[in-house]
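Participant: Below, each chain spelled out in residue letters.
There are 2 protein chains.
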Amino acid sequence: MAQLPSIPKGTRDYSPEIMVKRNYIFDTIKSVFRLYGYMPLETPAMENLSTLMGKYGDEGDKLLFKILNSGNFLSDVSDSELQERNIPKLTNKISEKGLRYDLTVPFARFVVQHQSEISFPFKRYQIQPVWRADRPQKGRYREFYQCDVDVVGSDSLLNEVELIQIVNEVYQRLKINVRLLINNRKVLAGIAEIIGYPEKLTDITVAIDKMDKIGREAVQQELRERGISEEGILKLQPILDLKGGNEEKLVQLRQVLSESETGLKGIEELNQVFNYLKTLKISIDIQLDLTLARGLSYYTGAIFEVKALDAEIGSITGGGRYDDLTGIFGLKNVSGVGISFGADRIFDVMNQLNLFPSDSNTTTQILFVNFGFREEQFCLSYLQELRNQGINAELYPDTAKMKKQMAYADKKGIPFVALIGENEINSGIVSLKNMLTGEQKNIKLNELAEELKKETI
Amino acid sequence: MAQLPSIPKGTRDYSPEIMVKRNYIFDTIKSVFRLYGYMPLETPAMENLSTLMGKYGDEGDKLLFKILNSGNFLSDVSDSELQERNIPKLTNKISEKGLRYDLTVPFARFVVQHQSEISFPFKRYQIQPVWRADRPQKGRYREFYQCDVDVVGSDSLLNEVELIQIVNEVYQRLKINVRLLINNRKVLAGIAEIIGYPEKLTDITVAIDKMDKIGREAVQQELRERGISEEGILKLQPILDLKGGNEEKLVQLRQVLSESETGLKGIEELNQVFNYLKTLKISIDIQLDLTLARGLSYYTGAIFEVKALDAEIGSITGGGRYDDLTGIFGLKNVSGVGISFGADRIFDVMNQLNLFPSDSNTTTQILFVNFGFREEQFCLSYLQELRNQGINAELYPDTAKMKKQMAYADKKGIPFVALIGENEINSGIVSLKNMLTGEQKNIKLNELAEELKKETI
Chain A
2 MAQLPSIPKG
12 TRDYSPEIMV
22 KRNYIFDTIK
32 SVFRLYGYMP
42 LETPAMENLS
52 TLMGKYGDEG
62 DKLLFKILNS
72 GNFLSDVSDS
82 ELQERNIPKL
92 TNKISEKGLR
102 YDLTVPFARF
112 VVQHQSEISF
122 PFKRYQIQPV
132 WRADRPQKGR
142 YREFYQCDVD
152 VVGSDSLLNE
162 VELIQIVNEV
172 YQRLKINVRL
182 LINNRKVLAG
192 IAEIIGYPEK
202 LTDITVAIDK
212 MDKIGREAVQ
222 QELRERGISE
232 EGILKLQPIL
242 DLKGGNEEKL
252 VQLRQVLSES
262 ETGLKGIEEL
272 NQVFNYLKTL
282 KISIDIQLDL
292 TLARGLSYYT
302 GAIFEVKALD
312 AEIGSITGGG
322 RYDDLTGIFG
332 LKNVSGVGIS
342 FGADRIFDVM
352 NQLNLFPSDS
362 NTTTQILFVN
372 FGFREEQFCL
382 SYLQELRNQG
392 INAELYPDTA
402 KMKKQMAYAD
412 KKGIPFVALI
422 GENEINSGIV
432 SLKNMLTGEQ
442 KNIKLNELAE
452 ELKKETI
Chain B
2 MAQLPSIPKG
12 TRDYSPEIMV
22 KRNYIFDTIK
32 SVFRLYGYMP
42 LETPAMENLS
52 TLMGKYGDEG
62 DKLLFKILNS
72 GNFLSDVSDS
82 ELQERNIPKL
92 TNKISEKGLR
102 YDLTVPFARF
112 VVQHQSEISF
122 PFKRYQIQPV
132 WRADRPQKGR
142 YREFYQCDVD
152 VVGSDSLLNE
162 VELIQIVNEV
172 YQRLKINVRL
182 LINNRKVLAG
192 IAEIIGYPEK
202 LTDITVAIDK
212 MDKIGREAVQ
222 QELRERGISE
232 EGILKLQPIL
242 DLKGGNEEKL
252 VQLRQVLSES
262 ETGLKGIEEL
272 NQVFNYLKTL
282 KISIDIQLDL
292 TLARGLSYYT
302 GAIFEVKALD
312 AEIGSITGGG
322 RYDDLTGIFG
332 LKNVSGVGIS
342 FGADRIFDVM
352 NQLNLFPSDS
362 NTTTQILFVN
372 FGFREEQFCL
382 SYLQELRNQG
392 INAELYPDTA
402 KMKKQMAYAD
412 KKGIPFVALI
422 GENEINSGIV
432 SLKNMLTGEQ
442 KNIKLNELAE
452 ELKKETI
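Sequence lines, in order, name chains A and B.
The numbering of the first sequence is the working numbering, which starts it at 2 and goes up by one.
The numbering of the second sequence is the working numbering, which starts it at 2 and goes up by one.
Rather than coming from a laboratory, the hints here were simulated on the basis of the structure.
Check before you lean on any hint, since a few could be wrong.
No copy labels: a pair is met if it fits in one copy or bridges any two.
With a cut-off of at most 20 Å between alpha-carbon atoms, the simulated PhoX-like pairs for lysine-lysine come out as follows [claimed, not checked]:
| # | residue 1 | residue 2 |
| --- | --- | --- |
| 1 | Lys-22 | Lys-412 |
| 2 | Lys-10 | Lys-94 |
| 3 | Lys-201 | Lys-211 |
| 4 | Lys-404 | Lys-236 |
| 5 | Lys-94 | Lys-250 |
Next up, chain A with everything else stripped away, as it sits in the complex:
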């Protein structure tokens, strides 16, 4: 046979088995989003490159997948331009569209483009694939799904509280034990101010963001390399070493940052969020973590990150408050806050911890063995009754050997197989085999639906 066809590296097929599990995750998350009034949005896979370029830094520009213009894409390129072989310049001439790199920029573009029709605060969720021309490696793909939930057009801290509630509810439903880490960009800014380097906020946050990964020594070294004096590093230390519960930490911080207006504002925001949470039933652990900075430079207030407690895996959800999401497209003063659920990592955690429910109503519950024409006709109309009661049911389409039909049920993970031959038709009794236990029993046809419903609870 010819060589098997393949798919581009860094991309994946989602087989039915995987899809059922992924859908379980997405359906759970979506139903929680809806409980809180978030509505679905979808944007096109292709955006104009003018929308995408310059939004993710130089490195991001390179990682955008670009679409070759249709037709004679060289019509606008001169011979000398061709010979010059200036790749960025040529790219610009032969490609005007690219695949979206994340869901945030398309969302900002949507909000600005449709600002006159949108009723603010605008609460939306968006679950779509994104594409990055990254070097593929374990756990890093060129096509992967993002699952974002944001509210824009309101600077109320109730939105932060709501997102924490959503995190709590989602992970309770998925049965994943998590801790939510929270920080505030204004507090980080206050710290930079207090140690004497307000202009080096980004350097400081990028360095301390790595605390978890590389440890204190290496962070101190990085701070040195980024031009922070020993005195500054020393001043930073007690702040990173704060001990106690969230409230105690806030009390100590308020002292340390008493000279920084921005810092105090950040503490006040954190304080309010904790106050709201007190009146709510939240079962997950929430921890103030001053080393949490999440690289992204556009956060301006709360910063969130969620870690799975029973699996060695990075953050599975993260996000924060940004005061100028839409400024890049000319719409000022629209504040928003949002988080993103990492579907691939959540999938891995659930697989690893065996958290997917074994019986899912999305798969076939019963297969009827095909014994021939007369039995087919009988089964066909009986299947209609079962399906009318919401039971996913199949008749094997060919009169194949029993062994083959059983193997089909087994491989597809169908929990029950029904055998209806001539005797069964005459007696109205079906022979039902439980594929998991191997147990076989006779049951009246008119009781089969109830039996199946009982078994799948």
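With chain A's structure known, arrange chain B on it following the hints.
Facilitator: Okay, now just chain B, sitting in the frame of chain A:
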């Protein structure tokens, strides 16, 4: 303000309002697919161009969106090749991936690639966008969703019957009145044989496929242009003019095609399908239509098309049996049958006929007006109770003017608004406003959930 950002022509944003309706269609279709044991599959947006090229004809090759290779895409192109400006040749050198053009070729690629893991018959559905660099016009987009359901690896006619059952069930649930047209490619081949042009099957079917659109005269003219003699056209006439019900037509056809083995085989297939259907409760009208050919040359048996009866719109679902889907990738003798639901057209029909349910459990059912901090705290914990009972509920996040909050509810289509101020907190009675009727009534807090459930039934 700067110019508003925009999206590439031929693409669309799906706003929340549209998304809710689209999801209603997709959810309905998916739940029917699952009742019949079909499982979800997703393939990557990008496929290798070697997978896509040559599968859709020369025109199709041109309409593929091609991805520019990352990095220095000219490294493998010589100066003379550049100057030659041979677009197809250059494209081949600077692009190795393209966006999928339909779901059929990626499905065939998946089946061949994973043939050793798949348990046949393989029943899958796939709902994903496809991309075509077509000239955008009304109703024709460059990105649109396809919704395919296929079974491969079984040539049993029960599969055809099952697809008809699915069509019946889907359109009953969507409340769209439809007629299903059915034909068989072997019957068409038999006709070509009988009128003396077996080698002109494609010419004949392409021409008679247009019967509905351009009428008999124009079809005859086209047949002439395609080299069919007057005698052949005359012989064809009675066949296209057959009258009566499906069974009567089959009886007459069997006479006409008595000399064609292939033709008789097609009639036998149709006959069997009709026989199976007799034992089933099918409410839609099913009509044998010999003018149905559906251009696509790969159908080998049954051909289906579904028309909405109450809207002027082309076919909203179509498909058929193909005996050699996977041959293009080197796997012979895998027969399949499938249909594709046209999501955009179904959407248009339902919008036009006002068939979308007005109350959907996917949108917010109640908004709580925000009167200030104390009320917020009260509402927050009460909202948790409502959500625990599965009610989608929101608290307006800011203490904005009443008018603004009401306008928000109105614009978002939220059917109920609850007013809880200090009096209400003390008395445990909430003032509930029905946004549709304007009616306002007082109701006990602990009865609100029940009331809302009653209202949304």
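Participant: Next step is simple, just say for each hint if it's right about the structure.
Facilitator: Each hint, compared with the structure:
When the C-alpha separation of Lys-22 and Lys-412 is checked against a cutoff of 20 Å, the pair qualifies only within one copy, where the shortest distance is 16 Å, while the shortest distance between copies is 36 Å. Taking the shortest Cα distances, Lys-10 and Lys-94 sit within 20 Å of each other only across copies (18 Å), while inside one copy they are farther apart (27 Å). Proximity of Lys-201 to Lys-211 under the C-alpha cut-off of 20 Å is restricted to the intra-copy arrangement: shortest distance 16 Å within a copy versus 71 Å between copies. When the C-alpha separation of Lys-404 and Lys-236 is checked against a cutoff of 20 Å, the pair qualifies neither within a copy, at 74 Å, nor between copies, at 50 Å.
Proximity of Lys-94 to Lys-250 under the C-alpha cut-off of 20 Å is found in neither arrangement, the shortest distances being 55 Å within a copy and 60 Å between copies.
Figure legend: structure checked against the earlier numbered hints; hints not met, in rising order: 4 and 5.
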